[in-house]
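Please model the entire structure based on the sequences and the hints provided.
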Amino acid sequence: MITETLHIGGMMCINCQNKIEQTLKKTDGVTDTRASFAKGTVLVTYDTAIVTHDDITKIIEKLDYKVLDSDSGSTPQRAEPALHNVLGSVAIIAALFMLMRNAGAGVLTGAFPLAESGMSGAALLLIGVITSVHCVAMCGGINLSQCMPCKPQTLHPSILPSILYNGGRVVSYAVTGAIVGAIGSVITVTGAMRGVVQLAAGVFMVIMGIKMLGIFPALRRFVVITPNVSRFFGGLANKAQGKSPLIVGLLNGLMPCGPLQAMQLYALSTGSLVSGAISMFLFGLGTVPLMFAMGAVSSLLSRKFTNKVMSAGAMLVAALGLTMVSNGWALSGVDLPSTGSTAAQTASFRPRIENGVQIVESVLSPSRYPAITVQVGIPVKWIINAPPGSINGCNNRMIVRQYGIEHQFKAGDNIIEFMPDATGKFSYSCWMGMIRSSITVASAGQTIIPDTADANVPTSAGVQIPVDNITLAEMQNGYQTVSVNLTDDGIEPALIVMQKNIPTLFVVNNNSLDAGGSALIFPFYYAQLPLSKGPNEIQLLPTADFDFSTIDNIFYAYVKVVDDIGKIDASAEQTIKNEAANFETLIYPQEYFADSGGMSCCR
Numbered sequence: 087m088i089t090e091t092l093h094i095g096g097m098m099c100i101n102c103q104n105k106i107e108q109t110l111k112k113t114d115g116v117t118d119t120r121a122s123f124a125k126g127t128v129l130v131t132y133d134t135a136i137v138t139h140d141d142i143t144k145i146i147e148k149l150d151y152k153v154l155d156s157d158s159g160s161t162p163q164r165a166e167p168a169l170h171n172v173l174g175s176v177a178i179i180a181a182l183f184m185l186m187r188n189a190g191a192g193v194l195t196g197a198f199p200l201a202e203s204g205m206s207g208a209a210l211l212l213i214g215v216i217t218s219v220h221c222v223a224m225c226g227g228i229n230l231s232q233c234m235p236c237k238p239q240t241l242h243p244s245i246l247p248s249i250l251y252n253g254g255r256v257v258s259y260a261v262t263g264a265i266v267g268a269i270g271s272v273i274t275v276t277g278a279m280r281g282v283v284q285l286a287a288g289v290f291m292v293i294m295g296i297k298m299l300g301i302f303p304a305l306r307r308f309v310v311i312t313p314n315v316s317r318f319f320g321g322l323a324n325k326a327q328g329k330s331p332l333i334v335g336l337l338n339g340l341m342p343c344g345p346l347q348a349m350q351l352y353a354l355s356t357g358s359l360v361s362g363a364i365s366m367f368l369f370g371l372g373t374v375p376l377m378f379a380m381g382a383v384s385s386l387l388s389r390k391f392t393n394k395v396m397s398a399g400a401m402l403v404a405a406l407g408l409t410m411v412s413n414g415w416a417l418s419g420v421d422l423p424s425t426g427s428t429a430a431q432t433a434s435f436r437p438r439i440e441n442g443v444q445i446v447e448s449v450l451s452p453s454r455y456p457a458i459t460v461q462v463g464i465p466v467k468w469i470i471n472a473p474p475g476s477i478n479g480c481n482n483r484m485i486v487r488q489y490g491i492e493h494q495f496k497a498g499d500n501i502i503e504f505m506p507d508a509t510g511k512f513s514y515s516c517w518m519g520m521i522r523s524s525i526t527v528a529s530a531g532q533t534i535i536p537d538t539a540d541a542n543v544p545t546s547a548g549v550q551i552p553v554d555n556i557t558l559a560e561m562q563n564g565y566q567t568v569s570v571n572l573t574d575d576g577i578e579p580a581l582i583v584m585q586k587n588i589p590t591l592f593v594v595n596n597n598s599l600d601a602g603g604s605a606l607i608f609p610f611y612y613a614q615l616p617l618s619k620g621p622n623e624i625q626l627l628p629t630a631d632f633d634f635s636t637i638d639n640i641f642y643a644y645v646k647v648v649d650d651i652g653k654i655d656a657s658a659e660q661t662i663k664n665e666a667a668n669f670e671t672l673i674y675p676q677e678y679f680a681d682s683g684g685m686s687c688c689r
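The numbering of the sequence shown is this note's numbering, which starts it at 87 and goes up by one.
Relax, there's no trap hidden among the hints.
If you anchor each label on the Cβ, the simulated ranges turn out as follows: (1) Y565 x Y489: 41 to 47 Å; (2) A667 x G498: 16 to 22 Å; (3) V360 x G498: 31 to 37 Å; (4) M505 x G548: 36 to 42 Å; (5) A547 x S618: 24 to 30 Å; (6) L173 x I640: 54 to 60 Å; (7) I88 x P375: 48 to 54 Å.
Simulated from the structure, these hints should not be mistaken for laboratory data. Keep in mind that this is a model prediction, so the values were computed, not measured. Don't be surprised by glycine CBs; every beta carbon is placed ideally from N, CA and C.
What follows is the structure in structure tokens.
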């Protein structure tokens with residue numbers, strides 16, 4: 087009977103440790119075994135008359151791990167990662183981080199729907215489904231790390247980690263919703279404190295990502311000690327080779343994630359333990375299908391392939407962690423140097439002087455805030471127009487720490503007043519730190535005040551929308567379709583009715599020979615869409631009324647979005663026609679269309 091310490095290569099998670107340990111325990115002749123992911127070793131005691139060292143090595147390597155060396159008494163030698171692997175991984179993580187900051191990936195993952203008072207259970211479930219895209223982007227790497235195969239690829243045991251992970255998330259969401267609904271503000275974190283939480287969470291994600299990569303073996307010893315909450319689910323957890331997926335899922339529900347905090351605010355507004363729990367449960371349930379599918383499919387892939395996916399996921403986790411650290415700094419009031427911004431780089435909105443006050447007018451976008459320039463020592467009245475549908479879960483609250491401003495946006499004009507008492511460039515952000523922009527305060531002698539209103543503000547087009555004909559979208563198997571014709575005489579029909587929150591296939595038949603018909607402008611979605619001749623298919627999810635026009639602002643059309651298109655009768659049609667006839671059409675500046683807003687054009 088001898089005891090050996092084997093140094094194992096290829097262990098990427100705690101489940102790898104469990105897999106090796108449990109396999110060896112079932113081997114004849116092995117009396118005791120203790121694997122350690124933190125040390126990258128397995129201590130095995132075995133009877134040499136029954137099983138040999140080579141037999142044990144073959145068993146481990148059959149599991150797709152590598153026995154690097156062994157020593158019966160001394161500390162095993164570590165196989166340090168090659169320098170080029172370390173530098174390459176760090177470079178990729180840095181590149182991903184810069185891409186997220188400069189290309190606005192953080193903003194896109196933050197622009198999630200906002201739950202509103204009185205929403206039905208079905209609407210909350212739908213918000214969860216839509217938000218699951220955000221979950222995949224932000225937590226996909228964590229999901230993969232818990233659901234990658236650590237046992238033979240058979241369907242039943244392989245999907246258990248995904249069941250546990252997602253079950254833990256939903257349970258955590260429901261419990262958090264109950265607590266927030268009952269206790270309210272005790273759970274809500276605001277201002278600089280939220281920044282500290284994001285900083286801590288970001289550092290944790292960076293460490294987790296690098297630990298998953300294995301480029302710094304010492305980080306394997308970094309282990310989060312958690313309560314043994316899964317003892318209540320012990321039987322199921324043990325079948326899934328450890329409690330890690332369940333525990334991580336439970337902790338995942340406590341992460342300082344934007345959609346979660348937005349839903350917690352909704353749960354707070356219910357003022358009820360039961361209602362808060364139900365709302366968060368339904369939201370969590372909506373995020374499950376996409377996350378579960380991602381984890382379940384990954385569980386059935388071969389280990390060689392999943393190692394590559396795990397490495398990619400680990401790099402993404404680390405890069406997202408750096409992004410969260412950056413957001414945390416922004417919320418804490420610290421300005422970091424940047425080669426870009428999570429806000430679109432557009433021309434700064436400038437003021438005009440009226441009665442000794444600087445008037446700045448700008449428009450709220452779903453995924454960016456406007457940069458403005460004002461003059462020192464003159465009071466500022468900042469009017470931010472929030473069009474219907476522009477407010478979402480991320481941009482709904484703006485924090486300007488320099489002037490002690492925390493503004494909750496509402497549809498229509500939002501007025502923010504402050505006195506710029508010092509020159510410089512001061513950053514401000516959304517309540518999550520994901521959408522950022524700046525206020526530049528120029529010196530008294532610097533000429534920035536134009537003679538007329540700022541050219542970046544939309545102006546009146548003076549075009550009346552034709553209301554002679556009206557068309558209703560047709561429902562087809564869970565989505566709706568509608569089509570219009572574009573000719574040299576205009577858009578026909580120019581009055582359209584769609585049902586709210588139903589995926590829509592919008593077909594524009596372009597028969598125009600005029601250059602003005604080469605593209606359509608959708609201000610509501612901040613999108614300019616080029617048109618080809620013939621049918622053009624546009625996919626959208628209507629949430630509120632909107633208008634669109636040809637790129638030359640000559641022809642306009644109006645879309646009325648209703649709760650139930652089946653209830654539109656002659657009287658309702660006349661009301662819609664009257665509304666469209668009185669609708670003010672506007673000409674928007676080019677800067678307005680920097681983002682696509684989630685609309686897509688497919689041919």
